[in-house]
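*Asks:* Protein chains in written order, with our numbering: chain A, 11 to 342; chain B, 128 to 348.
Don't read these hints as lab results, they were simulated from the structure.
What you are looking at is a predicted structure, and each value in this text was computed from that prediction instead of being measured.
Even glycine gets a Cβ: it sits at the ideal position worked out from N, Cα and C.
Do not take every clue at face value.
[Unchecked claim] In silico negatives: residues of chain B with every beta carbon more than 10 Å from chain A:
1. S137
2. G144
3. P149
4. T190
5. H212
6. Q219
7. A220
8. E231
9. A235
10. A239
11. R257
12. P290
13. D295
14. G319
15. D330
16. G336
[Stated by the list, open to error] With a cut-off of at most 25 Å between alpha-carbon atoms, the simulated SDA-like pairs for lysine to any residue come out as follows:
17. K204(B) <-> W265(A)
18. K204(B) <-> V234(A)
19. K204(B) <-> D334(A)
20. K137(A) <-> G157(A)
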Amino acid sequence: MIAVAAITLVLALTLLLSGFRDGIDVETARTVRALGGDSFVVREGVSGPFTTVSQLAEDVTEVVLSLPGVERADPIVSIRHAIESSPVTDVYLVGARPNGLGMPAVSAGRQPRARGEAVLDARAGRKVGDRVALGGRTFDVVGLVRGVTVWAGVPAMFVTLADAQDLVFAGARSATAIVVSGTPQARRVGLSIVDADRARADLKRPLANAITTIDLLRFFLWIVAAAIVGSVLYVSALERSREFAVFKAFGTDSWDLVGTLVVEAFVLSALSAAAAVALSRVLAALFPAVISFPARTMVLLPLVALTVGLVGSLAGARRAIVVDPATAFGGP
Amino acid sequence: MPDLRVRELSVEYGSGGEVIRPLDGFEMSAPPGSLVLLLGPSGSGKTTLLSCLAAIQSPSAGTIDFGDIAVSTLAGKERTAFRRHTVGIVFQAFNLVPSLTAAENVMAPLLAAGVGWAGASARAASLLERVSLGHRATHRPGELSGGQQQRVAIARALVHDPPLILADEPTAHLDHTQVEGVLGLLAGLMDGERVMVIATHDDRVLALGGQRVDLGRRTAR
Ligand SMILES: Nc1ncnc2c1ncn2[C@@H]1O[C@H](COP(=O)(O)OP(=O)(O)O)[C@@H](O)[C@H]1O
Ligand SMILES: [Mg+2]
Numbered sequence: 011m012i013a014v015a016a017i018t019l020v021l022a023l024t025l026l027l028s029g030f031r032d033g034i035d036v037e038t039a040r041t042v043r044a045l046g047g048d049s050f051v052v053r054e055g056v057s058g059p060f061t062t063v064s065q066l067a068e069d070v071t072e073v074v075l076s077l078p079g080v081e082r083a084d085p086i087v088s089i090r091h092a093i094e095s096s097p098v099t100d101v102y103l104v105g106a107r108p109n110g111l112g113m114p115a116v117s118a119g120r121q122p123r124a125r126g127e128a129v130l131d132a133r134a135g136r137k138v139g140d141r142v143a144l145g146g147r148t149f150d151v152v153g154l155v156r157g158v159t160v161w162a163g164v165p166a167m168f169v170t171l172a173d174a175q176d177l178v179f180a181g182a183r184s185a186t187a188i189v190v191s192g193t194p195q196a197r198r199v200g201l202s203i204v205d206a207d208r209a210r211a212d213l214k215r216p217l218a219n220a221i222t223t224i225d226l227l228r229f230f231l232w233i234v235a236a237a238i239v240g241s242v243l244y245v246s247a248l249e250r251s252r253e254f255a256v257f258k259a260f261g262t263d264s265w266d267l268v269g270t271l272v273v274e275a276f277v278l279s280a281l282s283a284a285a286a287v288a289l290s291r292v293l294a295a296l297f298p299a300v301i302s303f304p305a306r307t308m309v310l311l312p313l314v315a316l317t318v319g320l321v322g323s324l325a326g327a328r329r330a331i332v333v334d335p336a337t338a339f340g341g342p
Numbered sequence: 128m129p130d131l132r133v134r135e136l137s138v139e140y141g142s143g144g145e146v147i148r149p150l151d152g153f154e155m156s157a158p159p160g161s162l163v164l165l166l167g168p169s170g171s172g173k174t175t176l177l178s179c180l181a182a183i184q185s186p187s188a189g190t191i192d193f194g195d196i197a198v199s200t201l202a203g204k205e206r207t208a209f210r211r212h213t214v215g216i217v218f219q220a221f222n223l224v225p226s227l228t229a230a231e232n233v234m235a236p237l238l239a240a241g242v243g244w245a246g247a248s249a250r251a252a253s254l255l256e257r258v259s260l261g262h263r264a265t266h267r268p269g270e271l272s273g274g275q276q277q278r279v280a281i282a283r284a285l286v287h288d289p290p291l292i293l294a295d296e297p298t299a300h301l302d303h304t305q306v307e308g309v310l311g312l313l314a315g316l317m318d319g320e321r322v323m324v325i326a327t328h329d330d331r332v333l334a335l336g337g338q339r340v341d342l343g344r345r346t347a348r
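Extracted from the complex, chain A is given alone in its bound form (with noise of 0.2 Å):
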């Protein structure tokens, strides 16, 4: 049926556009818990250890571990970099201690241990054993993380801090931010103490305006499936005026019309539905970035579907009140 493939594919795309919004929320989530700590310092005035590069001495760490709740203290060197390959694969860059807070959990191979070695996450599309290209040197993958994304998709490459501090503040013993475990409980002049809340917005900032337009979109969106899911119900029973008459002129009455055009609106809505839930997911799957499908969204989805479907179905039931049965006497 033509207007359920309609409706599904509008609802599919409702939920994909849905699901990329909500993705972004999880990515950052994601990506900021693989790091490992719980706040991060930053030098005073920056906004937060993601978007701006600025220069702390590696050994603020020692500063920071002395300070009265921290656990655990390491620093990190992170920068957006590119990998040189054709097309260019870019890549969100953390150097980072081997085994210290910022160097991740890999799902295949090993920590990157020594200069010159990688851990790259599986969206650059590299394997173990391949060797990539960055800033004029050269790093050999040793290990894979899945889901350090961020930006909608921009794998993270992990290297040793020592390489990083080369690469961005050639050769100093730098770092752009330390990643605690434990919350400070003091202040030092100069340093600022940024928590996990804080962090995920610093990282997410760079899209607040793709972000904006996606939450419009994403709302008109909305109202555009259900204008489609109402109007092609209501140009169905347009098309079935004919079919009304007939009926009444057989002495069907006209509730009986009524209620079987609701029940099939709701099967209608409820198949759609179903069948968009199980398309968006199968299309996730060709999207780069993260689609997440809370279950704010499968709750809405079908419940959307169905009251626009009732009322798209109200429109028809008005039709099968009010049509004549004597227009089933004309001709074709």
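Given chain A, work out where chain B with the ligands should sit, using these hints.
*Replies:* Just chain B with the ligands now, kept in the frame of chain A:
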């Protein structure tokens, strides 16, 4: 003994100040077991009369009685029941539901009247047999010729074994090879006390015999 009596029947259509009166003081009667052919050119009021006889349209004046039923004054549930059980209508345009099979089309009025699926299905099968389309029961209207569609429509009109059958130009959309089959079928419906009214301006239908009522002459101006 249901007979059909039409007295002083007038129907007015008011469209933008100008009043059209296709039926004006129309009189007709048909005894039980008779056939009436309504003749007249297009626009002479044949369809309007059938619509009144079927309790679909209400006349502006006059009465229609079928046996002891005052058709022209029926309203509400009685009117619905009359349409459901007393009349069978065959339309010019067949009016089968395109998405349903031949059998489902015949079953539809039964299901709508609350007959169970099994009963409706058995009745539809026997009626399709009667119109020689038993082998086409699972076909949709789009896969049937015009003549076959009209035969399905006749089977549908017969589901409640109605004592009054109305047919509006049943052959108008059929080519000559199909007309014979449909006419033979209509002739076969004349049994017992059933009253049948066929509106037509197709001369081939005259072969069915019966009482001729020419609407064209009455309303000629
Ligand atoms: N719903 C309507 N509104 C206004 N005029 C109508 C309507 N239905 C039929 N008429 C007019 O009534 C006349 C008779 O129509 P109809 O009963 O369809 O004749 P026939 O079936 O003999 O062709 C025609 O002039 C037609 O234009
Ligand atoms: Mg007509």
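*Asks:* Next step is simple, just say for each hint if it's right about the structure.
*Replies:* Against the structure, the hints come out as follows:
For S137(B), the shortest C-beta to C-beta distance to chain A comes to about 17 Å, beyond the 10 Å cut-off, and the non-interface label holds. Even its closest Cβ contact with chain A, about 21 Å, leaves G144(B) beyond 10 Å, as expected for a residue assigned away from the interface. At the 10 Å boundary, the C-beta of P149(B) stays outside the reach of chain A, the nearest C-beta of that chain being 13 Å off. Under the 10 Å C-beta cut-off, the non-interface status given to T190(B) relative to chain A holds; the minimum distance is some 19 Å.
Under the 10 Å C-beta cut-off, the non-interface status given to H212(B) relative to chain A is violated; the minimum distance is some 7 Å. The beta carbon of Q219(B) sits about 6 Å from the closest Cβ of chain A, which is not more than 10 Å, so the claim that it is off the interface is violated. Interface exclusion of A220(B) from chain A breaks down, the closest Cβ pair being 4 Å apart, not more than 10 Å. No Cβ of chain A approaches the Cβ of E231(B) within 10 Å, the least distance being about 12 Å, so the stated non-interface status holds.
Residue-level check failed: A235(B) sits 7 Å from the nearest beta carbon of chain A, not beyond 10 Å. Non-interface call for A239(B) relative to chain A: violated, since the shortest CB-CB distance, roughly 4 Å, does not exceed 10 Å. Taking the minimum C-beta to C-beta distance to chain A, about 19 Å, the non-interface status of R257(B) holds against the 10 Å cut. At roughly 14 Å from the closest C-beta of chain A, the C-beta of P290(B) stays outside 10 Å, upholding its exclusion from the interface.
Distance to chain A contradicts D295(B) as a non-interface residue, since its nearest Cβ pair spans about 6 Å, not more than 10 Å. Every CB of chain A is more than 10 Å from the CB of G319(B) (nearest about 22 Å), matching its label as outside the interface. No Cβ of chain A approaches the Cβ of D330(B) within 10 Å, the least distance being about 20 Å, so the stated non-interface status holds. Distance check on G336(B): its Cβ is at least 25 Å (rounded) from any Cβ of chain A, clearing the 10 Å threshold; non-interface status holds.
With a CA separation close to 12 Å, the supplied pair K204(B) and W265(A) stays within the 25 Å bound. Proximity of K204(B) to V234(A) is assessed by CA-CA distance (about 42 Å); at most 25 Å being required, the pair is judged violated. Of the supplied pair hints, the one linking K204(B) and D334(A) holds, its CA atoms being roughly 17 Å apart against a limit of 25 Å. Proposed proximity of K137(A) and G157(A) is supported: the alpha carbons are some 15 Å apart, at most 25 Å.
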